[in-house]
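With these hints in hand, go ahead and build the complete structure from the sequences.
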Amino acid sequence: MFRFQSVAFVIILLVLVDCGQVHCHTKGLRPGRRAPPRVNSTSAGMVEQQFMRWVWLVGGLRHSVFGRALNKAFPSYTLTVDKNPSVGDFTTIQEAIDSLPLINLVRVVIKVNAGTYTEKVNVSPMRAFITIQGAGADKTVVQWGDTAETLGPKKQPIGTFNSATFAVNAPYFIAKNITFKNTTPVPPPGAMGKQAVSLRISGDTAAFVGCKFLGAQDTLYDHVGRHYYKDCYIEGSVDFIFGNALSLYEGCHVHAIAQNYGALTAQNRMSLLEDTGFSFVNCKVTGSGALYLGRAWGTFSRVIFAYTYMDDIILPRGWYNWGDPNREMTVFYGQYKCTGPGASYAGRVSWSRELTDEEAKPFISMSFIDGSEWIKV
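Quick note: the sequence shown uses full-length UniProt numbering, first residue 1, plus one each step.
Simulated from the structure, these hints should not be mistaken for laboratory data.
From a predicted model like this one, the values you see are computed outputs, not experimental measurements.
A portion of the hints provided could be inaccurate.
With a straight-line Cα cutoff of 20 Å, these simulated SDA-like cross-link-like pairs (lysine to any residue) come out [as the list claims (entries may be wrong)]: (1) Lys-230 - Glu-373; (2) Lys-337 - Val-349; (3) Lys-139 - Gly-115; (4) Lys-111 - Ala-148; (5) Lys-83 - Ala-114; (6) Lys-376 - Val-349; (7) Lys-111 - Pro-75; (8) Lys-120 - Asp-82; (9) Lys-120 - Ile-158; (10) Lys-111 - Val-377; (11) Lys-230 - Ser-367.
Take a look at the structure:
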């Protein structure tokens, strides 16, 4: 908490000095009455470095620390990305993002025309209110092929965190109708260092609509923050939805491409004080292999499936304790009115739950992620 407060103070002080009176909300800034001036790049860089150190150290955030979300739905302006320089404003997504102010205070829509964009993209912490809008998930693809064992500039492995094709560190991010892909093939069973993230979301209040996330091991790093996924397709083999966010997946298709065994989720809630977890509502689970619904990456891991169709790829046990029987007493794994051959509760582990109406209610609506405050897509 001390590090979070320190970073927040530095950001507020920086903006007060340069922008006039402003109002601060969770990991984002609201504009004053006049346009923001240029920000000293060295100072902004130091703030960003401190923020990223905090992101690395904090595995999750308590839901209660988030202030009331104040999203901005209407775009101030629109940029276009096209592989043909005579058609768009930019030829790469990263160029379009880098053209924005270091502290972005208005909703900006970046339209990405049809094409395959082979690039590694990063949205820095203070560039909030960005919308990436593709021409359709089958038409607009951003891809890269890093893994956890890829060597960085210092000839050291970059790790899972930095393997992401597309990394979002800012709040109020929206993506529509685009595919995020890590081109790394499915690793053989037991392979080390093959974690390959297609998208990492480390910013609060993010929404993804009609998107595809394609990868193998560790496809979608749902890191921290409140997130909403609507009508998305998520493909992978092992732990391919993982992290410690507070996320609602609604109407999504989760597809496994495991060669043998795997797991759909690995949620990393580490304490009763962390109001985090994954909730899948009206979703569909299909694919190949024999999979657990989830593995207890965190001691207090929390995952719920409701009104979800499950193919016969789901192992009867349903859940795995990560090799630690003690976690069976602290995790919260549940199903509610699921269907399909993989949804039978008969063989489930004794420490999972078949939820009652009352138990399921907090997890199956927008209130789970405070959605009424900020979801405007």
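Results for each hint:
1. Lys-230 - Glu-373: holds, 17 Å
2. Lys-337 - Val-349: holds, 17 Å
3. Lys-139 - Gly-115: holds, 6 Å
4. Lys-111 - Ala-148: It is violated: about 30 Å lies between the C-alpha atoms, which goes past 20 Å.
5. Lys-83 - Ala-114: holds, 9 Å
6. Lys-376 - Val-349: violated, 39 Å
7. Lys-111 - Pro-75: holds, 12 Å
8. Lys-120 - Asp-82: Judged against 20 Å, a Cα distance of about 16 Å means the pair holds.
9. Lys-120 - Ile-158: Holds, at roughly 13 Å.
10. Lys-111 - Val-377: holds, 15 Å
11. Lys-230 - Ser-367: At roughly 15 Å apart (the allowed maximum being 20 Å), Ser-367 and Lys-230 satisfy the hint.
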